[in-house]
Amino acid sequence: MSLKLKALTKSIWVYHLCVGGSCNNCDIEILDLLTPRYDVERFGIMLVGSIKHADAILVTGSLSLKAVERVKRVYEQATKPCVVIAIGACACGQGIFAKGPVTPNPVDSLLPINIYIPGCPPKPEAMIMGIVKLIKKLTDKK
Amino acid sequence: MRLLFNFLIFPGFLFTAVVGLVASWIDRKVTARVQWRVGPPWYQPFMDLVKLSIKEITVPRDASKPVFFMAPLVGLSAAILASTFIWLPNINLSAAGFRGDIIVILYLLTLPAIALILGASSSGNPLAAVGASREVKLVLAYELPFILTLLVPIIKSSGLIKLSELIAYQGINGAFVSNASGILALLVAIFCMQAKLGLVPFDMGEAETEIMGGVYIEYSGMLLAIFKLTKTMMMVALPVFLSTIFWGGFSIWKYVVLLVIIVLMRNTNPRVRIDQAVRFFWGKMTMLAAVAVLLAVLGM
Ligand code: SF4
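Protein sequence lines correspond, in order, to chains W and U. Note that my numbering has the first sequence beginning at 14, numbered continuously upward. Note that my numbering has the second sequence beginning at 891, numbered continuously upward.
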């Protein structure tokens, strides 16, 4: 594995993006992931506040009409290479907001999503497993 | 040739950067242990730097581009110069330094903060502007007591303003911290060091949780890496500077003691507001520093 790829997978700074229609449970579960109990900093994963510092965008919730423009702007500002991770049933499909009047579009109609982590909400363990699978996919390891 | 080697490799850039990266790993690891976590592996700061340097650099449309690109470089070169000037007398007492190098170092240690302010305010981001304005106030706040504390060793050694002479003086007459005035001055200087490093409780300039990284918000890729590197280098330069002027020269255990103080202070305190910080530095700390200067004049 080249140093470049290693550095990219060993130091993932995540940015948390809630795209509107979310019941906020996935967001809490992401915070859970960063607490001492799961301690993802040992893998080099850190939460950052600015999209310019991010290597991965964690998307939660189903895309609301108002959010479309903003999400587009945020994604355009992200510094590449940057992966997008959909967390929760809402971001993967449309979850419980599927028939909602203000959330007619799935998230992946707008953003190129690299990995889907289903669950309502997914457990922190499931998120860690998803990220591990993503890293394996990126580095071509079985 | 030798000078270039000094600046770029041995006590200057490369050496300080490596020591600083190790120190910042120790900082993160100890923080993790305090919170009952495992913490990142030892190569984490290196990995962060490598990753940042291969990422894309985005420049905001409203940014003033020359300043935006120059600011990190100014900060880094100031940190390189400062750490070289601080290390050299500690390594080779006789050859290094010039008259008045303490004053030059004092300015150089302030420059990274100024560069940060310049870069942040040139980026055109409102949150960065908030961060920059806080940083300006913080610089104004901590510089006064910091300069006052530096007067103590100068007064006690009856007017030596050369780093190597100060080390030699302390070698003969004992370190300044063995007196009341020296202890007070070191105490104040440690608080000022914390603020200069921009660590909790004085990190209101970046304040991840309220202004999203504040001064760093628009920086990405290599430029952010340079800012981070500057910060880690300051984490070496400042403690070594303090142990040189107050504590009779650098040694590894003195550095570790100061580093542990920094880490513990960072882990046991919440962030203060900017007005509280200014009041703290201009009130209590300046008072203490003035008392220290007074004691030094009286010869205690
Ligand atoms: S997936 Fe479930 S838990 Fe997550 S935001 Fe949607 S409704 Fe809430």
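Honestly, the hints are just simulated from the structure, not real lab data. Note that this is a predicted model, so its numbers are computed, not measured. Some clues are possibly wrong.
What the hints assert, rightly or not - Capping the alpha-carbon separation at 27 Å, the derived lysine-lysine pairs in DSSO-like fashion look like this: (1) W:K19 with U:K1144; (2) W:K19 with U:K1027; (3) U:K1118 with W:K17.
Said to hold, decoys possible - Estimated spans, in silico, between C-beta atoms of each pair: (4) U:N1157 with W:E89: 33 to 39 Å; (5) U:R923 with W:L18: 38 to 44 Å; (6) U:W926 with W:K17: 41 to 47 Å; (7) U:V994 with W:E89: 41 to 47 Å; (8) W:A111 with U:V1146: 53 to 59 Å; (9) W:K79 with U:L894: 45 to 51 Å; (10) W:P49 with U:G1061: 41 to 47 Å; (11) W:I109 with U:P956: 50 to 56 Å; (12) W:M142 with U:T1158: 32 to 38 Å; (13) U:Y933 with W:E138: 23 to 29 Å.
Ideal Cβ placement from N, Cα and C applies to all residues, glycine included.
To see whether the hints hold, each was checked on the structure:
{"no.": "1", "hint": "W:K19 with U:K1144", "in the structure": "35 Å, violated"}
{"no.": "2", "hint": "W:K19 with U:K1027", "in the structure": "40 Å, violated"}
{"no.": "3", "hint": "U:K1118 with W:K17", "in the structure": "19 Å, holds"}
{"no.": "4", "hint": "U:N1157 with W:E89: 33 to 39 Å", "in the structure": "37 Å, holds"}
{"no.": "5", "hint": "U:R923 with W:L18: 38 to 44 Å", "in the structure": "30 Å, violated"}
{"no.": "6", "hint": "U:W926 with W:K17: 41 to 47 Å", "in the structure": "34 Å, violated"}
{"no.": "7", "hint": "U:V994 with W:E89: 41 to 47 Å", "in the structure": "45 Å, holds"}
{"no.": "8", "hint": "W:A111 with U:V1146: 53 to 59 Å", "in the structure": "58 Å, holds"}
{"no.": "9", "hint": "W:K79 with U:L894: 45 to 51 Å", "in the structure": "57 Å, violated"}
{"no.": "10", "hint": "W:P49 with U:G1061: 41 to 47 Å", "in the structure": "46 Å, holds"}
{"no.": "11", "hint": "W:I109 with U:P956: 50 to 56 Å", "in the structure": "51 Å, holds"}
{"no.": "12", "hint": "W:M142 with U:T1158: 32 to 38 Å", "in the structure": "35 Å, holds"}
{"no.": "13", "hint": "U:Y933 with W:E138: 23 to 29 Å", "in the structure": "26 Å, holds"}
Of the hints listed earlier, those the structure fails to meet are numbers 1, 2, 5, 6, 9, in rising order.
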